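**Q** In order, the protein sequences belong to chains E and U. The opening residue of the first sequence carries number 1 in the working numbering; numbering runs sequentially from there. The opening residue of the second sequence carries number 1 in the working numbering; numbering runs sequentially from there.
Please note: incorrect hints may appear among the correct ones.
Distance ranges between label pairs, derived from CB positions [claimed, not checked]:
1) A38/E <-> S141/U: 55 to 61 Å
2) G91/E <-> E338/U: 42 to 48 Å
3) K323/U <-> R245/E: 33 to 39 Å
4) K187/U <-> F241/E: 24 to 30 Å
5) F74/E <-> T139/U: 32 to 38 Å
To be clear, the hints were calculated from the coordinates, so they are not data collected in a lab. Predicted model, so just to flag it, every value in this text is computed and none were measured. Every residue, glycine too, gets a C-beta built ideally from N, C-alpha and C.
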Amino acid sequence: MGAIFYREIKAYFSSLLAWSLVAAFLVVIGMFMCIGIAYYADISASSMQGGAPCNINTVLIPGVVQSIAYIFMFFAPLLTMRSFSEDKSRGTLDLLFTYPISDWEIVLGKFFAVLMVVIMMLAFSSLGLLFVGTYCTIEWPVILCGYLGIFLMCASLTAMGVFASSLSSSQLISASMSYGLTFVLWLLTYYDQKESHTGLVFGKLSVLSHMEYLSKGVFNSQDVCYYIALTFFFLYLTVRFLESRKWKG
Amino acid sequence: MAESADLIIQAKGLTKKFGKRIAVNDISFSVQKGEILGFLGPNAAGKTTTMKMLTCFYPPTEGTAIVNGYDVVSDSYGVRRSIGYMPENVPLYVDMTVEEYLYFVAKAKSIPPADIKGAISKALERCNLTNVSNQLIATISRGYKQRVGLAQAIINDPPVLILDEPSVGLDPAQIKDFRELIVELGKSSTVILSTHILSEAQLICGRVCILDHGSIIAVDTPSNLSDRLQKSTALSVQLLASETDKVVEDLKKLEGVSGVEEVKRESLSGCEHPLLSFKVEIAKTDLLVRKAINVLAVEKDWTLYSMQADRLSLEDVFINLVKEHEEEISEESTSEAEIDLQKETEGEG
Numbered sequence: 001m002g003a004i005f006y007r008e009i010k011a012y013f014s015s016l017l018a019w020s021l022v023a024a025f026l027v028v029i030g031m032f033m034c035i036g037i038a039y040y041a042d043i044s045a046s047s048m049q050g051g052a053p054c055n056i057n058t059v060l061i062p063g064v065v066q067s068i069a070y071i072f073m074f075f076a077p078l079l080t081m082r083s084f085s086e087d088k089s090r091g092t093l094d095l096l097f098t099y100p101i102s103d104w105e106i107v108l109g110k111f112f113a114v115l116m117v118v119i120m121m122l123a124f125s126s127l128g129l130l131f132v133g134t135y136c137t138i139e140w141p142v143i144l145c146g147y148l149g150i151f152l153m154c155a156s157l158t159a160m161g162v163f164a165s166s167l168s169s170s171q172l173i174s175a176s177m178s179y180g181l182t183f184v185l186w187l188l189t190y191y192d193q194k195e196s197h198t199g200l201v202f203g204k205l206s207v208l209s210h211m212e213y214l215s216k217g218v219f220n221s222q223d224v225c226y227y228i229a230l231t232f233f234f235l236y237l238t239v240r241f242l243e244s245r246k247w248k249g
Numbered sequence: 001m002a003e004s005a006d007l008i009i010q011a012k013g014l015t016k017k018f019g020k021r022i023a024v025n026d027i028s029f030s031v032q033k034g035e036i037l038g039f040l041g042p043n044a045a046g047k048t049t050t051m052k053m054l055t056c057f058y059p060p061t062e063g064t065a066i067v068n069g070y071d072v073v074s075d076s077y078g079v080r081r082s083i084g085y086m087p088e089n090v091p092l093y094v095d096m097t098v099e100e101y102l103y104f105v106a107k108a109k110s111i112p113p114a115d116i117k118g119a120i121s122k123a124l125e126r127c128n129l130t131n132v133s134n135q136l137i138a139t140i141s142r143g144y145k146q147r148v149g150l151a152q153a154i155i156n157d158p159p160v161l162i163l164d165e166p167s168v169g170l171d172p173a174q175i176k177d178f179r180e181l182i183v184e185l186g187k188s189s190t191v192i193l194s195t196h197i198l199s200e201a202q203l204i205c206g207r208v209c210i211l212d213h214g215s216i217i218a219v220d221t222p223s224n225l226s227d228r229l230q231k232s233t234a235l236s237v238q239l240l241a242s243e244t245d246k247v248v249e250d251l252k253k254l255e256g257v258s259g260v261e262e263v264k265r266e267s268l269s270g271c272e273h274p275l276l277s278f279k280v281e282i283a284k285t286d287l288l289v290r291k292a293i294n295v296l297a298v299e300k301d302w303t304l305y306s307m308q309a310d311r312l313s314l315e316d317v318f319i320n321l322v323k324e325h326e327e328e329i330s331e332e333s334t335s336e337a338e339i340d341l342q343k344e345t346e347g348e349g
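Looking at chain E on its own, in the form it has when it is part of the complex:
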């Protein structure tokens, strides 16, 4: 697994892909954070003039955390599209299968390499909040819980993107499939608001609805388990799909 991880990290950072995606992600996050701070400044001003009381930990932090989650949904397919598609189009995947490494090691090596880039993105994105923290009192456990939620959600979307990339040798098709799957998981959020049995089941499958509590600093083991299960599910599907070479030819 270490060899695949080494190769993938090298590929990400020796090309413009990772750097440009990290930069674009941070620019967008920065914009959202500025908007969030401006909004918080407005409502805190009205609060001082006798309006409803407001707290940075309940207004700004959850908003920022949720916007990071939304933004990452657009970045995940771009980040993961090359994982297997590039190897498939070059033919290097065929060679990897003849090395003494298992399919799981190949999949995990690629997954953790993307996750490394994700961690880098999230680490940089947290600088804005650290900066805010120097001017006001922030409850760090709320931020940590929110970031744990984002990390787990990003891991699920990364696993889904890696799976989509294993389906095609074209990076464009892989990214399109990944966007399709993300869109489906996003649509499920709307079921969560309906009080029906299908709504209950499908709503629980939405990636965003499980962010709700975590973004507010409420640690819910159900949400954590959901993200871990979703990640494992897509990684498992990827391995099964790679194994199909044994009978498909």
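Chain U: place on chain E using the hints.
**A** Here is chain U on its own, set in the frame of chain E:
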């Protein structure tokens, strides 16, 4: 027959089906330690599929193969540790330098960290890559890329090397260099290679395995295959003599000669007599006839210029065998169709 202890690859009844299509059909063969075996065959004959089964890329549908004592089905890790594989068109990570790429392969092949540096240097040296080791793979020539492909295959010193069309796309000088490199590697490893260049197989392979439509149609040394298919034995004789008719008559009288045909007549500068070329058909072993021709030439005062046995080239052997096999297949399918038609007619009756 070789002792089974000397056999490094033993394939028994290997079959690979993709749905209804049979890519490889019940093939069995063995390879001795230190041997260079060539896989020959037209396109879609099953060469690459057989190689991919030996490298554990996919398992056989039926049958099995033992590579260096490991079963390709039940112990694919053992097999993958024992082989070095170079696929057709050599897929490489072109965004890495040669050294970085080999470092990645060394890690992937589980070479102990302490030995990686030494293994890379050795592979670079053996494949003459030292001068391009720090260059990006994307910027090196096709010949060097082919060498990088070979270097990744040999980096773990595997006892078995499997090379799929290793010299495809190279220019003649690069082919010659690459061929010499394979022969050199063949001294320390067992090599299986597939090729379309028959002269290459004849030059470097101890034995060749000819495949067609997923079946093995012949396995032997190139010279044995040539002998086996030689329908008639003939000698090409060139001599300097004055009268053609007289020479033909005299040669025909020799014991063991069944026919003589004049092939060519040319004049050599500075020679009184013309150079005559004959094809001498012989009925038995050519040694006695060769001796008799020598004696006759001395007696008749001819100058014997050259004398050699006419042998089928590997190209002729290959074309003949594939043609015969294809005729057999078409005959079989015709007779099967006739039987089906007969059954249908009987059923209707």
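**Q** Against this structure, judge whether each hint is valid.
**A** Evaluated hints:
About 58 Å separates the C-beta atoms of A38/E and S141/U, a value consistent with the hinted range of 55 to 61 Å. G91/E and E338/U have their C-beta atoms about 45 Å apart, which keeps the hinted 42 to 48 Å range intact. Taken as a hint, the range 33 to 39 Å holds for the pair K323/U and R245/E, whose Cβ atoms sit roughly 34 Å apart. At about 42 Å, the CB distance of K187/U to F241/E disagrees with the hint of 24 to 30 Å.
For the hinted restraint 32 to 38 Å between F74/E and T139/U, the CB-CB distance of approximately 35 Å keeps it satisfied.
In this structure, the one hint that does not hold is number 4.
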